[in-house]
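Going down the list, the protein sequences come from chains D and E.
Using the numbering used here, read the first sequence as starting at 1 and increasing by one per residue.
Using the numbering used here, read the second sequence as starting at 1 and increasing by one per residue.
Simulated from the structure, these hints should not be mistaken for laboratory data.
Built from N, CA and C at the ideal position, the CB exists for glycine as well.
There may be inaccurate statements among the hints.
What the hints assert, rightly or not - Residues on chain E that point at chain D, a partial pick, calculated with CB under 7 angstroms:
id : residue
1  : 21
2  : 22
3  : 23
4  : 55
5  : 84
6  : 91
7  : 93
Read off the chains here:
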Amino acid sequence: MNQRGARVAIKSDQDIVAARQKGRALAAEIGFSAMDATLIATAISELARNIVAYARVGEIELRAIDGCSREGIVVIASDDGPGIRDVRQAMRDGFSTSGSLGLGLPGVRRLMDEFEIASEPGKGTRVVTKKWRQ
Amino acid sequence: MEVPILKQGEFLIATFQAALSDQDLENLRRGLVQQVVKFRSRGVIVDVTAMDVMDSFASRTLREIAHMIRLRGAETVIVGIQPEVAFAMVQLGLTLEGVAAALDLEEGLAYLIEKFKNID
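Let's have the full structure, built from the sequences with the hints guiding it.
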């Protein structure tokens, strides 16, 4: 089993850049097209941005996934921040509690193929999102 | 990382690098507005050809730059948005509404020259 991937600690806006660069590099290594690598890097940027904006610190984990018939990438964004009170509402376009950066989550779902979110107020948020190579 | 701002007659040209942090973008916003004032510039070209990701913060900052510069009576044109970046922006739901865009530096300059041709 191949264990290509990286963990990037997210503590400041500089780390957002580092996370998306690592994600793009891994996507290229897996064989994603330049178009898909850009979509993945953009999704990572938004997820890391949410961490900095809402939780301040967290982590982005990037892994190559080898399915039986297909390859892909999984991006896991996790934090121990305040969590999201109403996940359903947060997944609606245009919703934001921190000003004008409210496009994050529904946008990320559109950029990727699979999207799961688990969040509990006071405990943090974990987003697991995947994209498969065409 | 510093974004170089070039003065070209009555226009300014700012060329973005690939890996700009939020802080870099905010510095650029401040620097550009200051220089527009200092040089009494009429137009600003923001060249984003090298930018590989345009997320919500970057596009909001670009919109703010354009609006601030418009309040000075000058015009901003964004040039060089890569096709992949444009695709990702649309998927993410980002827009640069009210901000002019052109294919490249040459067309951006042509746009500004055309825009200000009748004022002199």
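Right, here's what the structure says about each hint:
1. 21: It holds, given that the least Cβ distance between residue 21(E) and chain D is near 5 angstroms, below 7 angstroms.
2. 22: Holds. Min distance 4 angstroms.
3. 23: holds (6 angstroms)
4. 55: holds (4 angstroms)
5. 84: holds (4 angstroms)
6. 91: Holds, about 5 angstroms.
7. 93: holds (5 angstroms)
Hint check: no violations occur; every hint is consistent with the structure.
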